[in-house]
Amino acid sequence: MKLLLPDILLVLLAALIMGYDLYRGKVNLTSTVPFHFAWLGLCAIFVVLLRLPYDQTVLYPGGYLVTGTSLLFKQVFVLSALFTVLLSGAYFTPGGNKRGTLRHRSEFLTIILLCTFGMFTVVSATDLLTLFIGIELSAIPLYILSGFYKEDALSLEASTKYMMMGAISTALMLFGLSFLYGAAGSVTFEALAKFCAANPNEPLLRLGILFVLAAVGFKLTIFPFHMWAPDVYDGAPTPVTAFISVSSKAVGIAFLLALLYGPLAALHSYLQPVVLILAAATMTVGNLGAMKQERLRRFMAYSSIAQAGYIIMALAGDAGSARSSIIFYLFVYAAANYAIFFILAAIGRDGNEQRSGLQGLGKNNPVLAAVLMLTAFSLAGIPPLAGFMGKFFLFAAAAKQGYYAMVVFAALNSTVSLYYYLLLVKEAYIIEPQAERKPLMLDGVQFICLFLLTAAMLLMGILPSISGGILAVAG
Amino acid sequence: MNGSFLLTLIWAVPFLTALVSLPVDRDDHRRIKKISLAGNLINLLLVIGLTFAFISAEAEHPAAAGAKLSQFHFTGKTVWLQMLNIEYNIGVDAISVLMMLLTAIVIFCGVLASWGVEKQAKEFFVLLNVLVAGVYGVFISLDLFTFFVFYEIAVLPMYLLIGLWGTGKKEYSAMKLTLMLVAGSAFILAGILGLYFESGMNSFDLQKLAQATFSPEFQYWAFPIIFLGFGVLGAIFPFHTWSPDGHASAPTAVSMLHAGVLMKLGGYGCLRVGMYLLPEGANMWMSFFLVLVTINVLYGAFGAIKQTDLKYITAYSSVSHCGMVLFGFTALTFAGIKGGVLQMISHGLMTALFFCLIGMIYGRTHTRTVSEMGGLMKVMPFLSVAYVIVGLAGLGLPGLSGFVAEANVFVGAFANPAPLYRFCTVLAVLSIVVTAVYVLRAVNGLVNGPISDHYKTLTDASLIEKIPVTILLFCLFAMGILPGWIVELVNGAVHPIYNNLMR
Numbered sequence: 001m002k003l004l005l006p007d008i009l010l011v012l013l014a015a016l017i018m019g020y021d022l023y024r025g026k027v028n029l030t031s032t033v034p035f036h037f038a039w040l041g042l043c044a045i046f047v048v049l050l051r052l053p054y055d056q057t058v059l060y061p062g063g064y065l066v067t068g069t070s071l072l073f074k075q076v077f078v079l080s081a082l083f084t085v086l087l088s089g090a091y092f093t094p095g096g097n098k099r100g101t102l103r104h105r106s107e108f109l110t111i112i113l114l115c116t117f118g119m120f121t122v123v124s125a126t127d128l129l130t131l132f133i134g135i136e137l138s139a140i141p142l143y144i145l146s147g148f149y150k151e152d153a154l155s156l157e158a159s160t161k162y163m164m165m166g167a168i169s170t171a172l173m174l175f176g177l178s179f180l181y182g183a184a185g186s187v188t189f190e191a192l193a194k195f196c197a198a199n200p201n202e203p204l205l206r207l208g209i210l211f212v213l214a215a216v217g218f219k220l221t222i223f224p225f226h227m228w229a230p231d232v233y234d235g236a237p238t239p240v241t242a243f244i245s246v247s248s249k250a251v252g253i254a255f256l257l258a259l260l261y262g263p264l265a266a267l268h269s270y271l272q273p274v275v276l277i278l279a280a281a282t283m284t285v286g287n288l289g290a291m292k293q294e295r296l297r298r299f300m301a302y303s304s305i306a307q308a309g310y311i312i313m314a315l316a317g318d319a320g321s322a323r324s325s326i327i328f329y330l331f332v333y334a335a336a337n338y339a340i341f342f343i344l345a346a347i348g349r350d351g352n353e354q355r356s357g358l359q360g361l362g363k364n365n366p367v368l369a370a371v372l373m374l375t376a377f378s379l380a381g382i383p384p385l386a387g388f389m390g391k392f393f394l395f396a397a398a399a400k401q402g403y404y405a406m407v408v409f410a411a412l413n414s415t416v417s418l419y420y421y422l423l424l425v426k427e428a429y430i431i432e433p434q435a436e437r438k439p440l441m442l443d444g445v446q447f448i449c450l451f452l453l454t455a456a457m458l459l460m461g462i463l464p465s466i467s468g469g470i471l472a473v474a475g
Numbered sequence: 476m477n478g479s480f481l482l483t484l485i486w487a488v489p490f491l492t493a494l495v496s497l498p499v500d501r502d503d504h505r506r507i508k509k510i511s512l513a514g515n516l517i518n519l520l521l522v523i524g525l526t527f528a529f530i531s532a533e534a535e536h537p538a539a540a541g542a543k544l545s546q547f548h549f550t551g552k553t554v555w556l557q558m559l560n561i562e563y564n565i566g567v568d569a570i571s572v573l574m575m576l577l578t579a580i581v582i583f584c585g586v587l588a589s590w591g592v593e594k595q596a597k598e599f600f601v602l603l604n605v606l607v608a609g610v611y612g613v614f615i616s617l618d619l620f621t622f623f624v625f626y627e628i629a630v631l632p633m634y635l636l637i638g639l640w641g642t643g644k645k646e647y648s649a650m651k652l653t654l655m656l657v658a659g660s661a662f663i664l665a666g667i668l669g670l671y672f673e674s675g676m677n678s679f680d681l682q683k684l685a686q687a688t689f690s691p692e693f694q695y696w697a698f699p700i701i702f703l704g705f706g707v708l709g710a711i712f713p714f715h716t717w718s719p720d721g722h723a724s725a726p727t728a729v730s731m732l733h734a735g736v737l738m739k740l741g742g743y744g745c746l747r748v749g750m751y752l753l754p755e756g757a758n759m760w761m762s763f764f765l766v767l768v769t770i771n772v773l774y775g776a777f778g779a780i781k782q783t784d785l786k787y788i789t790a791y792s793s794v795s796h797c798g799m800v801l802f803g804f805t806a807l808t809f810a811g812i813k814g815g816v817l818q819m820i821s822h823g824l825m826t827a828l829f830f831c832l833i834g835m836i837y838g839r840t841h842t843r844t845v846s847e848m849g850g851l852m853k854v855m856p857f858l859s860v861a862y863v864i865v866g867l868a869g870l871g872l873p874g875l876s877g878f879v880a881e882a883n884v885f886v887g888a889f890a891n892p893a894p895l896y897r898f899c900t901v902l903a904v905l906s907i908v909v910t911a912v913y914v915l916r917a918v919n920g921l922v923n924g925p926i927s928d929h930y931k932t933l934t935d936a937s938l939i940e941k942i943p944v945t946i947l948l949f950c951l952f953a954m955g956i957l958p959g960w961i962v963e964l965v966n967g968a969v970h971p972i973y974n975n976l977m978r
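Here the protein sequences come in this chain order: R and F.
1 is the number of the first residue of the first sequence in the numbering used here; add one for each residue after it.
476 is the number of the first residue of the second sequence in the numbering used here; add one for each residue after it.
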């Protein structure tokens, strides 16, 4: 049962936090105890995850599979949940954010944890049903979380919109999965793989996987299913936005990796051009969209659409390079995204979370400005930061298959993205603020988190071999 | 001292200089400048030491005649990332050593020339030193991945250096420069990945790749994207447009370094990666690029005539002169390639001095428009004389460095018997006449004629300003009068590249 320990601990932690409120008998709005439980618990789970053996594959009864790859994805999910919890700290503290104070902390934390458990299920599934349940379990909590500013119209709009889009995506997913089931006559991966290898030209399979791709496209914000993202990212509370931008993307790509290199591996050559076209369109749309955004959460929405484009580009590669490059990139992307959102939280204390809120940062808080610059460069893929290494791996996965034109296209796209990331740097360093601004200050948690994230971005860029585990296991 | 350790030290010193100045008090500008000066002085000495060590190493192990593989000294390698066979793999040949020497001289003079920077001096010198570390890194890298990483490190700090400390439409220029150069490196990246996978040996090692046989189809598409990718930084037409704006907006030291050294990275990459690794591709495409760079040479010169701003004049002349670097390469003759390399060094010294002087003059007159100046010889004889001399170097006067380089370039290009080459050479030689026009007009407007009243109180260069000018003038003369040792070194390095091209 050792390999199941993280999953079990996660559920227990969720129950503990929910139980804490129940035990006290009344909802305590100001208590920080659940917060401390949550981050300590997540840290513990992460440590457990690090200490598990990564070279074993164990199939538990009921079709729950634990492999090295799934453990790596669980690391991503746990880290993402951890940073979301830490990020949310300021938003639950009165005066911590100009937009308002969130309430019902333990509810929030429980939902985050349960959502993370849904993601765990996706990477451990061995049949279509479990896969579907996992993906729903990770989706529905996000609809609730996006509407967590219960009196804020934008937040409620985001929640509603997200739920509508999510419902469509679910319908498409079920439709597609039913085709796969109809063709193979079974929901297990094993049967599906056997059928797929025997009949790779079966039209039902091809149609089915396209529907599934579209459904996952919503989660991954792949063009043309990305429309919801700017509104939802902008309306949702910032910690939730961060969580959606990292965890929800990670689970979407985990889902695709599990299917495309698992039971449907025989369809890979058929899917390659589809994936490349989607990748090209997605990164272009994201990059063009981000240029004009003043509101930073919308900005991050488009930025993360573009990043999704780079990520799925690696799906054109072979199994080993796709897995290792994508997982590596998820860590890199998560570090950079959370760093930006922590900076957003600092801006949001006294101002709107807008680009102009960064003005004067270079003089008032040079350290934070430097962190912002490094993060922007990491997102743009500039060496020696982690973002460059990550993108290099993704591009190499495509180049290995001979798609050099795609590499040129993606690299030029990332030049375009450099433009708007440089706008952040320009705002922080070059533009003189109109009026005297209060210097941005960080609280202790934010400081430590930003320190860790920056260190991760530098280390993974300069010494990618420290993530040797990721690169080796996934291969 | 171990040779490869010395090479690592040379890029590490500016980087450490940047790190050391981080904890210094923000308002203690003098200390920051002193640290920066000390770091770069140490590096200058190290590079001079390296040059001597290299000359004796070259004498001990002369390259075999007819060798097709460049000979590198002081090599060393460590694995950086096992999975993709990425190595930290370093070594130098004569071209790299001379370029490093150029870099060391220019940055040392650049630090002295920016002694007057008062605004956020700490950030300025930190970025400047990081940039220089990147430049050194490029010149020592024998692994294409490492090469690329250093290349980008050398390009990116430019954005803030121009955007924050620049003049004029600095934000626009900074953005344009950064984006165009990074777009160029997008092509380089794809080319490098292509070399890695298509060589069939999954390696970024320059020397290994030089022995690989690439299919002609691959060379046919890979060569132009690599050449153009690096060419953007070498200001190849039509991708030169970042250069005038960028150089005109940049602060003095940055213009010096950028026009003097960074643009040479482009030419260096074209030669080292493009022509050395893909000789057949080079033979297929060179007449096309020849036409482009001929336009460069002429367009830059004619562009300079039209300009009234001193910095724009020099920036356009840089386009023209950097075009001559690539013109020498595209000639595909021994003398041509040699001339191109010599032109990299000569132009580096010359343009650094140009921008250095312009910065000092601008600091006094607060204008760079030629027509608003005049008679400066009366109030600042030192700066004026220096400006006259560097102008003469620009138009290729014998006895100064420009002549040695340009003579080689044009002789080399004319030596190629193809009619197109003859024709283009004749056209390109005309640019010297045009150069004479804009240089002499600028000099005339600057130093001669009546002086307006509000300039009469201006002072000549201070001691700290005279040092960089003197060093650079000395180098211009040294290379012009005694080019022998440089030419000999360059010969040794160009032979294998040329033999490889002609196989």
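Careful: at least some of the hints might be erroneous.
The calculated lysine-lysine pairs, modelled on BS3-like cross-linking and capped at a C-alpha distance of 30 Å, are [unchecked claim]: (1) Lys651(F) x Lys292(R); (2) Lys853(F) x Lys781(F); (3) Lys509(F) x Lys363(R); (4) Lys400(R) x Lys781(F); (5) Lys98(R) x Lys438(R); (6) Lys2(R) x Lys98(R); (7) Lys509(F) x Lys400(R); (8) Lys853(F) x Lys363(R); (9) Lys363(R) x Lys400(R); (10) Lys150(R) x Lys292(R); (11) Lys292(R) x Lys400(R); (12) Lys651(F) x Lys363(R); (13) Lys438(R) x Lys644(F); (14) Lys552(F) x Lys400(R); (15) Lys438(R) x Lys552(F); (16) Lys292(R) x Lys644(F); (17) Lys363(R) x Lys594(F).
Hints are computed from structural coordinates only; laboratory data are not their basis.
Hints, verified against the model:
In summary, the hint linking lysine 651(F) to lysine 292(R) is supported, as the alpha carbons are separated by about 17 Å, within the 30 Å threshold. Taking the CA atoms of lysine 853(F) and lysine 781(F), the gap is about 27 Å. The hint holds against a cut of 30 Å. Proximity of lysine 509(F) to lysine 363(R) is assessed by CA-CA distance (about 22 Å); at most 30 Å being required, the pair is judged to hold. About 49 Å separates the Cα atoms of lysine 400(R) and lysine 781(F), which puts this hinted pair outside 30 Å; it is violated.
The straight-line distance between the Cα atoms of lysine 98(R) and lysine 438(R) is roughly 14 Å, inside the 30 Å bound, and the hint therefore holds. For a cut-off of 30 Å, the pair hint linking lysine 2(R) to lysine 98(R) is broken: about 45 Å separates their Cα positions. A C-alpha spacing of about 49 Å is found between lysine 509(F) and lysine 400(R), which places the hinted pair above 30 Å, so the restraint is violated. Of the pairs offered as hints, the one joining lysine 853(F) and lysine 363(R) is violated, with about 42 Å between alpha carbons and a cut-off of 30 Å exceeded.
Of the supplied pair hints, the one linking lysine 363(R) and lysine 400(R) is violated, its CA atoms being roughly 45 Å apart against a limit of 30 Å. For a cut-off of 30 Å, the pair hint linking lysine 150(R) to lysine 292(R) stands: about 29 Å separates their Cα positions. Of the supplied pair hints, the one linking lysine 292(R) and lysine 400(R) is violated, its CA atoms being roughly 35 Å apart against a limit of 30 Å. In summary, the hint linking lysine 651(F) to lysine 363(R) is supported, as the alpha carbons are separated by about 25 Å, within the 30 Å threshold.
Among the hinted pairs, lysine 438(R) with lysine 644(F) is consistent with the structure: their alpha-carbon atoms are about 29 Å apart, no more than 30 Å. About 25 Å separates the Cα atoms of lysine 552(F) and lysine 400(R), which keeps this hinted pair within 30 Å; it holds. For the suggested pair lysine 438(R) and lysine 552(F), the alpha carbons sit about 50 Å apart, so the restraint of at most 30 Å is broken. Between the alpha carbons of lysine 292(R) and lysine 644(F) the distance comes to roughly 21 Å, so the proposed pair stays at or under 30 Å and holds.
For the hint pairing lysine 363(R) with lysine 594(F), the CA-to-CA distance comes to about 11 Å; that is within 30 Å, so the pair holds.
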